[in-house]
Amino acid sequence: MTTGVRTSYREAIRSALREALQRDPRVFVMGEDVGRYGGCYAVTKGLLEEFGPERVRDTPLSESTFVGAGIGAAMNGMRPIVEIMTCNFSLLALDQIMNNAATVSHMSGGQFSVPLVIRMATGAGRQVAAQHSHSLEGWFAHVPGLKVVTPATLEDARGMLWTALEDPNPVLIFEHALLYNAEGELPADAGPVDIDTARVRREGRDVSIVTYGGSLPKALAAAEELAQAGVQAEVVDLRTLRPLDTGTIVASVTKTHRAVIVDEGWRSGSISAEVTARLVEHCFYELDAPVRRVCSAEVPTPYAKHMEDAALPQVADIVAATQDAVSTVA
Amino acid sequence: MTTGVRTSYREAIRSALREALQRDPRVFVMGEDVGRYGGCYAVTKGLLEEFGPERVRDTPLSESTFVGAGIGAAMNGMRPIVEIMTCNFSLLALDQIMNNAATVSHMSGGQFSVPLVIRMATGAGRQVAAQHSHSLEGWFAHVPGLKVVTPATLEDARGMLWTALEDPNPVLIFEHALLYNAEGELPADAGPVDIDTARVRREGRDVSIVTYGGSLPKALAAAEELAQAGVQAEVVDLRTLRPLDTGTIVASVTKTHRAVIVDEGWRSGSISAEVTARLVEHCFYELDAPVRRVCSAEVPTPYAKHMEDAALPQVADIVAATQDAVSTVA
Amino acid sequence: MPRHTEDHRLHLLREMLRIRRFEEKSAELYSAGKIRGFLHLYIGEEAVAAGVMQSLAPDDTVVATYREHGHAIARGVGMGPLMAEMYGKAEGASRGRGGSMHIFDAATRFVGGNAIVGGGLPLAVGYALADRLRGDARVTCCFFGEGAVAEGEFHESMNLAALWGLPVLFCCENNLYAMGTALQRSESETDLALKASAYGMPAWHVDGMDVEAVEAAAQRAVTTVRGGPGPVFLEMRTYRFRPHSMYDPELYRPKEEVAAWKERDPISTVQATLREQGALDNVALEKLEDEVAREVEAAVAFAEAATLESLDDLARFVYAEGAAE
Amino acid sequence: MPRHTEDHRLHLLREMLRIRRFEEKSAELYSAGKIRGFLHLYIGEEAVAAGVMQSLAPDDTVVATYREHGHAIARGVGMGPLMAEMYGKAEGASRGRGGSMHIFDAATRFVGGNAIVGGGLPLAVGYALADRLRGDARVTCCFFGEGAVAEGEFHESMNLAALWGLPVLFCCENNLYAMGTALQRSESETDLALKASAYGMPAWHVDGMDVEAVEAAAQRAVTTVRGGPGPVFLEMRTYRFRPHSMYDPELYRPKEEVAAWKERDPISTVQATLREQGALDNVALEKLEDEVAREVEAAVAFAEAATLESLDDLARFVYAEGAAE
Ligand SMILES: Cc1ncc(C[n+]2csc(CCOP(=O)(O)OP(=O)(O)O)c2C)c(N)n1
Ligand SMILES: Cc1ncc(C[n+]2csc(CCOP(=O)(O)OP(=O)(O)O)c2C)c(N)n1
Ligand SMILES: [Mg+2]
Ligand SMILES: [Mg+2]
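Heads up: the sequence lines are chains Y, G, U and P, in that order.
In short: position in the first sequence from 1, add 8, done, that's this note's numbering.
In short: position in the second sequence from 1, add 8, done, that's this note's numbering.
In short: position in the third sequence from 1, add 151, done, that's this note's numbering.
In short: position in the fourth sequence from 1, add 151, done, that's this note's numbering.
In isolation and in its complexed conformation, chain Y is listed as follows (with noise of 0.2 Å):
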């Protein structure tokens, strides 16, 4: 590890694209307001004035379409990367996400692939309500044929675009749109990660928190405040939604016996549903208490701050819920 530059989350993110540009003429950045714009949370500024439009071209408002272009280009021997604004917006797209992409390699029986990569904000947080707010990162995971990876930190932020550029599937990469001004120290040669495995962020004995994404410096915080009261949090960071490394889930939880997951998407049918379906099958015995679920109200996130703020998982509700796992009596 070499010094670290201080850097942002966004920053990262935008010289992870700028060297991809730079390394790999098959590489084109496509998006609503990527170009002149200077992108939707400016995390492609500056890449048009450097690349051109050719290689940064803004599109029209063809969700649909631009993304089945991005299948097609990717098909075509391109590596595309394709920015949908926000999650939101990919509803749109969903007919060639998941009719194309995910499947063209399996149903061509292995003669196409689909070396694509889709990046999108995700996450709610700035009272942008019911339209401009879901998570959709673990309702995507759901389906074969892709992958789906959502960096919490800033080494992944600029180290799983590379990766994923190298996957010769469709990768689909989720930036919680509060993490983009996160700052810390990044080394200046970090390069890339890899997207297959979860990781410990924080070690602990009595309890494992499992997260992802925006959630993860929730997580932490918790953990903090947990250590005050004498609660060894281990936090595990699932960094990949599909494919899910059990094994680093199931490790942690046969160590700390207890688990709570920490999931923004609503809480019925979230990726934390898959989560405690895989301890059950994996680690069953080892469980301690029941597994504690910290999700979004199941409701269309609404825009006023006190109850938008009660519908998503603060750090307090993931306090209260270890608290109470780490309570119960096996």
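A portion of the hints provided could be inaccurate.
Stated by the list, open to error - Heads up, simulated DSS-like pairs for lysine-lysine below, C-alpha to C-alpha not over 25 Å straight-line:
(1) K185/U to K313/Y
(2) K406/U to K53/Y
(3) K438/U to K176/U
(4) K413/U to K185/U
(5) K313/Y to K176/U
(6) K176/P to K438/P
(7) K438/U to K185/U
(8) K185/P to K406/P
(9) K313/G to K176/P
(10) K185/P to K313/G
(11) K438/P to K53/G
(12) K176/P to K413/P
Just so you know, these hints were derived from the structure itself, not from any lab.
Remember, predicted model here, so these are calculated numbers, not experimental data.
Fit chains G, U and P with the ligands to the given chain Y structure using the hints.
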């Protein structure tokens, strides 16, 4: 219960549609080929002749817009029954379903509601391959604001539509394509049935097989076979995937202490995961063995019969998983 | 028919001023942190909403976008509930759940506040279909930006409305940009009325900076729709004076272009006409401004005094209350 | 340029016969239960695939629909793998995973076999975009039915291809019905070429029952596209002689209409021309039919002899094998 009339699942739905059109002038049916073609699975056959083209409307191939138009018409006082030919095409309408139908009531502070019924065929088993074999009902059940029902019996095929039309919310009815030809007796005066509870379809004390829709006949067949081997399996039909009737599932498992979930959805993130999570949350200490899941393999459904069969839950798989569950020593 | 009397012209001026001043206040309150989330201002485009609404009857329906304060105010949604909504209060138009992008008002048949570009179009088609099936003579007026024209839902909705002869007035607000994307970078055919006429419906365009021209065109369009059967497409050529939203650094358009359009400010134009006619002097204008200012202040006071929804009611309205009638 | 020599005409006849006989055999095998799932026959429309393919170079790309046997055969996909695919065999074009609706063949750049109506259009745009970015002079030829024109993806793809000047040949097979829905019940404007020209691209229509006319029109279109920049839209007016799929009771169209179109059978038409010219007699035809029959029989034999994929490989190819190059 009056004497039964021999009928089919298809005819049960058709007579429910006919009665709805007769009963309420606000009801109309709209979708691709519901009229002149005679309905995709012949469900709507004859309705055009009986009710005319204003109330039985053939639409162009425009899933997003005719679903959205159904939402608008429902908000404006009508009671539309929109048919999406098969759930595979619902991906094109997901924006309307998730961003409008599911949110309008909450997002408008209760000023508007969407009394809309959307019917769609679901499921695999007819060798129609990756783009025509989805089981998306469990996936849709993730979305607050929607109700998701999965009639598995003639009685439910007939009665759920009635109740769905009386519901002020958007109700999605998933009809498994392999059930349309199912035959049986139905009382001539069969009426509405509730759409928010699960039901025990077969009593048993040794293990609970929890399922729904097209998998119910398979689960019952497995239970029959298991009975020969001395295992008394209780079969719970979820009937409605959202809201999920946790009480009935928990009651059954509290009695049997073991559970097998059968679900045609792809395993990861399917409704089987949510059922598992609920069991863990509500009756963890009653479980004498890990919950088993019998789901579809995580592949885009292949065409070849032997591969398709291998990809889907089969009676033998259910028997094996159940044997495994009962033979596990706590 | 448009009533080009001085009184009516004054009315149009008042309507536009109400929008302008309300939004200027909103921008201020946004900076003060009283309003949050996304805020899309309509400033510069007031002639469109003010002009079109004149042609609609109370029983007609309006489907709008996320840039809908102008539509809501001109339609008659109270400024108090509108502002309270942006404050996230229980007395807000949508009980604090919607915010700026999701204003709803059943009383004036104002159906959102839709923040998915193009997403309101199918709803409008459905509203019109319901009216047609019941035999109601209503018109559904659907606003959308020129950016929405590239979306598949635009195409499907135009076709379905024309095919089924439904009473929809498609009001395309062509302000030349979709966020930072200029019309010529989003449409292969930039003559939108021409494009629309390929669906076999009457389509024309109008100067969206001229409130009287808008009113006249809308009047003619609404009359055509009401005469039926079938929709009409109206392209309003307009311009937003402000950034797309509060976050937009406006890198994509030259300052001179903005300045040139500001020369055509619809409010100044009507004021000038009225002054020429001797129907408006400084005193009258001050009085008018004063009345509008008081309405805006009252709205702010209402919003400030309004209450927060109880968190016990967080999940209320996710599902409709009571059975459908 | 189309080569209207007798030899070439005979070639066109052969191509159409290959499709016709292959599909007749497929229908038979479907009844015998050898082929399952959905089977959509192209019979009646052979002039379209046979004509268009003449204009394409080996390096061009073809994106087709679920009614794609004709496209595949005319493109040069082997009948053996095609039939084996419908048998669900490992030696099938898509290793048994796709079936009739999902024929893929990398060697001939045949990119499906797409069973979501309209779903192939964005793929075609992407193929063309990749070629353009690399500077490859290829054309992407995308087939779709007139039913697809109502889908949003049609609109978005036409606009994007025209806006970006991409080398796509949009081949609309207008057989007047989408399942049971007649064109006039699906489109407010039934002149599809007119509709297409509203995207600012050259658009014309051609008699899809006349293989030489199709070839000439396609040749002209491909030349235009290759000359670039930009796509061309070609409407082929054709008819399917058979039901939509094997399940269709055909309640929606009069027998007389079907009979009238059958009078215009593209195969009989070319045969008649050749006979008139003295280039085809009974002996020659019999020989031709015989050769085609043998090709079809060989395909069936190939399919029968082919093997079933091992179930151990069920999940193979869900994810691509090896890293991307
Ligand atoms: C489907 C969808 N894609 C993207 C966005 C993000 N977005 C919000 S407004 C906007 C521009 C819309 O432009 P236009 O339709 O011209 O309306 P205007 O803002 O100019 O009034 C975009 C891209 C969205 N809300 N919905
Ligand atoms: C998005 C979608 N909706 C519905 C269907 C069901 N479907 C299959 S083919 C078809 C008709 C298509 O007609 P057209 O595009 O004219 O092609 P044709 O079958 O006439 O060749 C329909 C409705 C589908 N496959 N995809
Ligand atoms: Mg605009
Ligand atoms: Mg057709």
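(message) Are any of the numbered hints broken by this structure? If so, which, sorted upward?
(response) Result: hints 4, 7, 8 and 11 break, sorted rising.
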